[in-house]
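Hey, can you work out the whole structure from these sequences and the hints?
Going down the list, the sequences are from chains E and Z. Terminal number for the first sequence in my numbering: 261, no gaps in between. Terminal number for the second sequence in my numbering: 526, no gaps in between.
Certain hints may be false.
What the hints assert, rightly or not - Computed footprint of chain E on chain Z, listed as stretches where at least three residues anywhere in the stretch have a Cβ under 8 Å from a Cβ of chain E: (1) 290-304; (2) 438-452.
To be verified - Here are some of the chain E residues that sit facing chain Z, going by a computed Cβ distance under 7 Å: (3) Tyr22; (4) Asn25; (5) Thr39; (6) Leu46; (7) Phe47; (8) Ala52; (9) Ala53; (10) Glu180; (11) Ala188; (12) Phe196.
No lab work stands behind these hints, which were simulated from the structure alone. Ideal Cβ positions, reconstructed from N, Cα and C, are used throughout, including at glycine.
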Amino acid sequence: MRRALAMMALFWSTSIAAELEYRANFTFSILSSAINLFTGVFTLALFFRHGAALGGWSWAEAVVVLGMFTILQGVAAAFFQPNLNRIVDHVRQGTLDFVLLKPIDTQFWLSTRRLSPWGLPDIALGSAMAAYGVGTAPVTALAVIMALACFVCSVAILYSIWFMMATTTVWFVQVSNVTEVLRALLDAGRFPIDAFPAGTYRFIFTFVVPVAFMTSVPAHALLGKGSLLSLVFAVAIAIALLLASRAWFRYALRDYTSASS
Amino acid sequence: MTRMRRFCRAFAAELVTAFALTTTYRAELLLWALSGTLPIILMGVWSEAARTGEMPYSPAEMARYFVAVLFVRQMTFVWVIWEFEEQVVSGTLSHALLRPIDPVWNYVANHLAERIVRLPIVFGLVGLCFALYPSAIFVPSPSAIALTILAVLASFTVRFALQYTFAMMCFATERASSVEGLSFAAFVFLSGMLAPLDLYPSWVATLAGWTPFPYLIYVPARILIGEPVAIWHSFGVLTGWAVLLIVTQRCLWWWGLNRYTGMGA
Chain E
1 MRRALAMMAL
11 FWSTSIAAEL
21 EYRANFTFSI
31 LSSAINLFTG
41 VFTLALFFRH
51 GAALGGWSWA
61 EAVVVLGMFT
71 ILQGVAAAFF
81 QPNLNRIVDH
91 VRQGTLDFVL
101 LKPIDTQFWL
111 STRRLSPWGL
121 PDIALGSAMA
131 AYGVGTAPVT
141 ALAVIMALAC
151 FVCSVAILYS
161 IWFMMATTTV
171 WFVQVSNVTE
181 VLRALLDAGR
191 FPIDAFPAGT
201 YRFIFTFVVP
211 VAFMTSVPAH
221 ALLGKGSLLS
231 LVFAVAIAIA
241 LLLASRAWFR
251 YALRDYTSAS
261 S
Chain Z
262 MTRMRRFCRA
272 FAAELVTAFA
282 LTTTYRAELL
292 LWALSGTLPI
302 ILMGVWSEAA
312 RTGEMPYSPA
322 EMARYFVAVL
332 FVRQMTFVWV
342 IWEFEEQVVS
352 GTLSHALLRP
362 IDPVWNYVAN
372 HLAERIVRLP
382 IVFGLVGLCF
392 ALYPSAIFVP
402 SPSAIALTIL
412 AVLASFTVRF
422 ALQYTFAMMC
432 FATERASSVE
442 GLSFAAFVFL
452 SGMLAPLDLY
462 PSWVATLAGW
472 TPFPYLIYVP
482 ARILIGEPVA
492 IWHSFGVLTG
502 WAVLLIVTQR
512 CLWWWGLNRY
522 TGMGA
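In structure tokens form, the structure reads like this:
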């Protein structure tokens, strides 16, 4: 465990050093984050301006959901995109061989090798939004702990699905962009799950791509409305998916043919 | 005359190779199409909102609007800046420059071929929307169809010219696509992709009118669903932007070509 942490610190400090070569990029990414944030808040405001109920969530509560979504997007941009989207290149060029030879867990290396600092503004802005949404409402320590636990679960859920989708490239090199679909579906997490029409939409975003567990459930918990049951559910799904991603990767490796290396 | 014929033959060759390439990577294309499904997500939230709030749209009309947005958005996808950035950074633009035709036609051919292969997928997605909202099913009038085709063509031209103009930044910096990221954020906000623009506060709608963005999604979508649109004005604005951007792009192209070092090739 200590060795893993030391490796991660090393990976991330080299990644940051590399990315800081592109400083102008930083300005643009902060500007883009700011515009995206403004757009998100503006869209939410549009719903309330026209008296839409958004499934019974108040303005401030909906802002908390959007905050959770923004943090999650930041996490994805900082940790998932730079690592998991590169798996396809390793498979295509056969450089996965070199990773497999390293005296370190392959899934760990593939998932943590890089860190993109460009996701960090979103994490900060999202946290600020969640804090704004909670506002002056009294927050108990229990609610914060529950929300954190739920959020860790949502990151784990997203990671597992993302990783498993990225690993399918071992069989289908053609679908290098499969994770883009996941990213697109994730956009549903901008809104409280109850804002969607009952039926197909809610079913898909709860069970097929569990966006509901990623943003609505942590937001609910932070607002002190969380139930122990949904936390238990979230933890169960997260653990199940993490184990599945592990098994899935082992299974995929058996069919890895190390092309063109 | 012979120059024109030479150009046509070269462009036809570009189209044939682009088509072959696109059909080879059709699985990838299907996934790109699926990643452009934000309108379907918004369709759900907005039609539900139209049911509970006070809006000038009924839930079915709202769903119809987003189906039209989905169609227009899918048909006007542009990615030229990433292709160009890759070619400049890796130096393979040098090969493209050796061809007997300006590299822009290669990108145009790629986009056109992709559009043809994408069309059946788009119809599939539209069918999916109608399955979700049977009350939103509509048949556009022949004149609406004709005008939509023109509007989509014009919208695509402006989108392409805008992104290709930003792509010229590749000659100055290695990460020009972050400029496009910024422009895309403004596009999403002001094009009517998130909500019909007439739901926006009037000052934002006015502001949007000064940019090309509302004419790229909102206007073609409204034409498709048969809502009243200032046709001549809209096409005039689109043409104006197209001319302005193409002229700017050409100037920047010659400027950039002088700076291009072909590094890595």
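Hint check results:
no.: 1; hint: 290-304; verdict: holds (count 8)
no.: 2; hint: 438-452; verdict: holds (count 8)
no.: 3; hint: Tyr22; verdict: holds (6 Å)
no.: 4; hint: Asn25; verdict: holds (5 Å)
no.: 5; hint: Thr39; verdict: holds (5 Å)
no.: 6; hint: Leu46; verdict: holds (5 Å)
no.: 7; hint: Phe47; verdict: holds (5 Å)
no.: 8; hint: Ala52; verdict: holds (3 Å)
no.: 9; hint: Ala53; verdict: holds (4 Å)
no.: 10; hint: Glu180; verdict: holds (4 Å)
no.: 11; hint: Ala188; verdict: holds (5 Å)
no.: 12; hint: Phe196; verdict: holds (5 Å)
No hint from the list above goes unmet by this structure.
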